[in-house]
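A.B. asks: So you can see what is in the structure, the chains are spelled out below.
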Amino acid sequence: MQFSNALRMRRLATGILIALVFLVPIVYVIMISFESPAQFGAHPLQPPVPPSLGNFGSAWQQGDLGPEIVNTAIYAVAAAGISTGLSLLIAFPVARRLVRWSSSLYLWFVVGLALPVSYIPLFIEARDLGLYNNRIGYILLHVEPGLPLGVLLLTAFVSSIPQELDEAAWLDGVSYPRYILSFVAPLAWPSIVITFLYSLLFVWNDIIGPVVFLASPSLFPVARGVYSFYSSNESAYTLLAAAVMIVSAPVALLFVVSQKQLLRATMGLR
Amino acid sequence: MSEAGAPSVTSGAPLGLEGRNPPRLGKPSSKRRRRREAWPAQYRPTAAHKAPYARLLSRSSRAWMWGGVAVGLAFYVLFGIVPTAANLVVSFTNYSGFPGSPTSFVGFSNYHLLFTSQAPGLISSIEATVIFVVGVTLVQNAIGVALAHRLQRDTKTASVLRVLAFFPIVLGVTVVGIVWLLLFDPVSGPAEAVFGAFGIHSAFFGAGNVAMPLVIIVQVWQNLGFTMVVYIGALKTIPQSVYEAAALDGVSAWQRLRSITWPMMAPAVSVNVLLAVVGSLTTYNLIYILTDGAFGTNTLGMFAFNTAFGASADLGLGAAVTMALFVVAVGVAIPLAALLRSRERRLLV
Chain E
1 MQFSNALRMR
11 RLATGILIAL
21 VFLVPIVYVI
31 MISFESPAQF
41 GAHPLQPPVP
51 PSLGNFGSAW
61 QQGDLGPEIV
71 NTAIYAVAAA
81 GISTGLSLLI
91 AFPVARRLVR
101 WSSSLYLWFV
111 VGLALPVSYI
121 PLFIEARDLG
131 LYNNRIGYIL
141 LHVEPGLPLG
151 VLLLTAFVSS
161 IPQELDEAAW
171 LDGVSYPRYI
181 LSFVAPLAWP
191 SIVITFLYSL
201 LFVWNDIIGP
211 VVFLASPSLF
221 PVARGVYSFY
231 SSNESAYTLL
241 AAAVMIVSAP
251 VALLFVVSQK
261 QLLRATMGLR
Chain X
1 MSEAGAPSVT
11 SGAPLGLEGR
21 NPPRLGKPSS
31 KRRRRREAWP
41 AQYRPTAAHK
51 APYARLLSRS
61 SRAWMWGGVA
71 VGLAFYVLFG
81 IVPTAANLVV
91 SFTNYSGFPG
101 SPTSFVGFSN
111 YHLLFTSQAP
121 GLISSIEATV
131 IFVVGVTLVQ
141 NAIGVALAHR
151 LQRDTKTASV
161 LRVLAFFPIV
171 LGVTVVGIVW
181 LLLFDPVSGP
191 AEAVFGAFGI
201 HSAFFGAGNV
211 AMPLVIIVQV
221 WQNLGFTMVV
231 YIGALKTIPQ
241 SVYEAAALDG
251 VSAWQRLRSI
261 TWPMMAPAVS
271 VNVLLAVVGS
281 LTTYNLIYIL
291 TDGAFGTNTL
301 GMFAFNTAFG
311 ASADLGLGAA
321 VTMALFVVAV
331 GVAIPLAALL
341 RSRERRLLV
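Line by line, the protein sequences are chains E and X.
The working numbering numbers the first residue of the first sequence as 1 and each following residue consecutively.
The working numbering numbers the first residue of the second sequence as 1 and each following residue consecutively.
In isolation and in its complexed conformation, chain X is listed as follows (with noise of 0.2 Å):
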């Protein structure tokens, strides 16, 4: 009787369910057990659902469940894979936009050409993406641990500066961008008087050797704030008690630090490595108002729209470009992915 399922469980069953369906079965603490083998052979998940506990629902809640399923999978498909599909089919056409302009497959011409005539702006391209996000994701990281750690306590001036330190996301990404062009202007910016007075004069966001630096500092400057609110999250979840006990202990402030603060704060870190490493490898609003790509600046996020939408616009190479790049984030995304998981599972465990 119990294996034929019965998936007609309505709001009434529950209480006829109990005896059949001890709800502890499917726990889902330990990975081990969730594999189907592990269950007994009533237990098995069937092709309806796979946890038993399911049948718990009544059949219009599970059709709420499947329902939010399909709509948000419907979006992501829709919106996220669809387009990048088409991508990936553009990028082997010589598309370029105009109506009525003939479309042809060309094979792998917009890639070959991506590595032979457009090698010279690809390499650089790559090396200021790996200094983009490598300065990026470290120097974000780093600060935002420490300003979390400065500004975690509930007194008044913590609060004022936390604040204060959120407010540049509030901005957005034009205003931070436009205050920041401001700044360093080389004529009238206070940046200028002040380097000026040391003798130091320089184009700011128009030098070669200082565009970039610069760039990293108003990103940072830009996502510190959602940084440090994670990582303040973190820090607030760890018990007082723990500390306390510590401290009977006569742990020493480093050995704090380095047992109980660190581990615990390994899921914040994979959360915010992994947002600081895939959002500047792939952003490019900020580089596009700051730079526009030049002074060594153009990652490949900025090449990639440069390449389609710039002044030789060619749809089917900023197709490729795009492509290169998708590439890249999933091959950094999924290993560093795996990698923080198992780093917070060794820490946490």
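Chain E with its partners taken away, still in its complex shape (with noise of 0.2 Å):
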């Protein structure tokens, strides 16, 4: 592809904002993990040379953090993955009117989108059903948020399937989960990415979940972890740095290791 010039300097202008944009304040946090708490008192913005490494060891000590992203990842997966799988055995049917009431059935999901979390309520059933305090409880609570989205993307994108796909392959004498796992799922990935990771999102950003649904601190995922570790170090910066690029190394690694695979999906990019 050819440029001319002063469009190549605009997208080099553009792409350096971009990059700093989002790199400044990580870049900062990562700055100031290293240093000392003398030296951030005294000059929190000049580099720290020789880096501190005392943070780490104490964040490490103080918080739980390890098993808490242990924890978490376990949560958010599993919740994701139920949540994502059941959209797509709704959406399917719905889209193709295969059950009774589908499009007020698909009314009330457009509606679920918009029901707040009603902890209250939530904490008595939770404890009713055993799901109070344990880990298959805490998954299984978070699964629901995800559904409204969830059926909602996937009926449009399973609508733009056509039928005739539906007819050859039950014809043939398919199978309907055979069908939905090796016909309809690899047609709508992109969609299922975005349902996937919008109820993933749901479960890694949940603060208040984890105080309502879980007691013992061994089950705490690290969004609650962090805060309660923000709560009882406020004004310790450097410490709560270096407790911020703890949580985030793992998951920053995953991501980066794995972007490909997750954002070309998602992207429809070759």
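No lab work stands behind these hints, which were simulated from the structure alone.
Coverage of chain X stretches by chain E, computed from C-beta distances (three or more under 8 Å per stretch; other residues unrestricted):
#	segment
1	68-80
2	314-326
Chain E side only, calculated, beta carbon under 10 Å to chain X, not exhaustive:
#	residue
3	L12
4	L23
5	V29
6	A91
7	P93
8	I120
9	E144
10	D166
11	A169
12	V222
In this text, a Cβ means the ideal position worked out from N, Cα and C, and glycines have one as well.
Starting from two chains that each stand alone, build the complex the way the hints lay out.
C.D. replies: So, in structure tokens, the structure goes:
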């Protein structure tokens, strides 16, 4: 592709701007996580040479960050996986009007998009159904928030798959689960990834849920752990920055490794 | 024979079915065709299923289909509908949450309180919500489209920048909140250093006039990646040949944007706008961390949370606020969804 000079300059400028907007906050936190509290007090904006590693040691000891990262990963992936699977299983028959009340079902899920999380009744339900303070319960309680968007997105997507494909496959005796798994799912992959991401984010960002549904700190996910760490170390900025780094590093690593598949699948890139 | 429905279609049956059940009948592309009146008598939806071609499925396959829907619905009813209904009931009581304390129905008094003694808080909360929702939706989508347009190409730089833009989502709301609190710390933060150099000093997240814009910026910063990804996905589905044909016809860049790109992006705009509106309407996680609803950032979501769980916890009143929020959210979401749908249809056909 040939670009004129002016266009190339403009692309360069916008590229640098984008990079700065997203990099500066992160770089700042990385920097101060290596500053000793004394240096931070005197010259917070000077690069830490030599870097001090003390913050990481104390943050690791004070917060229970390691197990919390594992907890979050289990909760988020399991809940988002179940949620996405169920969304597809609802969306397909609804889009094809294979079940009764398909259009009212669809409308109910639009309403569901606006449902606020009612923590008090949910807490009572969790307690009575034996979902309180255990991993399986926490996962099951986080399946619902992803369903409305999932059903909406996937219904729209299934509608764009020609119905002739269903008919051809079913005439050949392909069973329903197999059809969904090996015909519909690959075609709807971008929407599936978006649905999965969206419900993953709900679990990942839920800081109230852990307080309401979990009592044992050993079951806490990271969002809550970091928040309580923040509440008890509100003025120890360098320590906080180190804790944030410890928590984010594995996720960041995982993301950088998987971003190609993840973002490409979503965006329909090659 | 055919109208009897013969529901016992087993896996071996498709061949026998062919004659009496031409698969083209329930074609979903045209809405009118789908209406039951339009179907010949023998193919009318029966109680068992609406689309006649469902008979192509074996009985066990149909069981699978129904089972999937049933399990999904069970989750939705149990953890979505039931809690909301229960919340409605709680909003008519003086439930305190303390075990053993008596709970009685108090009629509409929580709602009455909400519109009388709580009214000042409610009104300022509605103002904050409108600013937050409109601000987030506009900024997030405007920048999201621009970002998607800039980063849609398959180059190395673009892919690195895409990863960067998506990164805040990966960090999660707590980490993002803490990062921005550190950045805008009124004493040690770099923002203070930068603005201070121009003689501007502010408490940032602790200042009534800047807290809300800052909260909007952080909310957009965190979620921009998701918006961008949805928009890029839409841009990528536009066939290159359409642009090539337009280029041959000498179509200007502006016309290309107006009559090809923009209409074809309509579904993505719907998803993003709906999510931004409903999401920012009900969210409070980030606000809880950044300001805890102080300094003019007490949106309805935050207000509901603080009434129920805050300093002067009142679960009944909190439930009433949540219900009010739900009514507002549904009242916004359904017309908005309909509007966006009709916009899609107008632009795409």
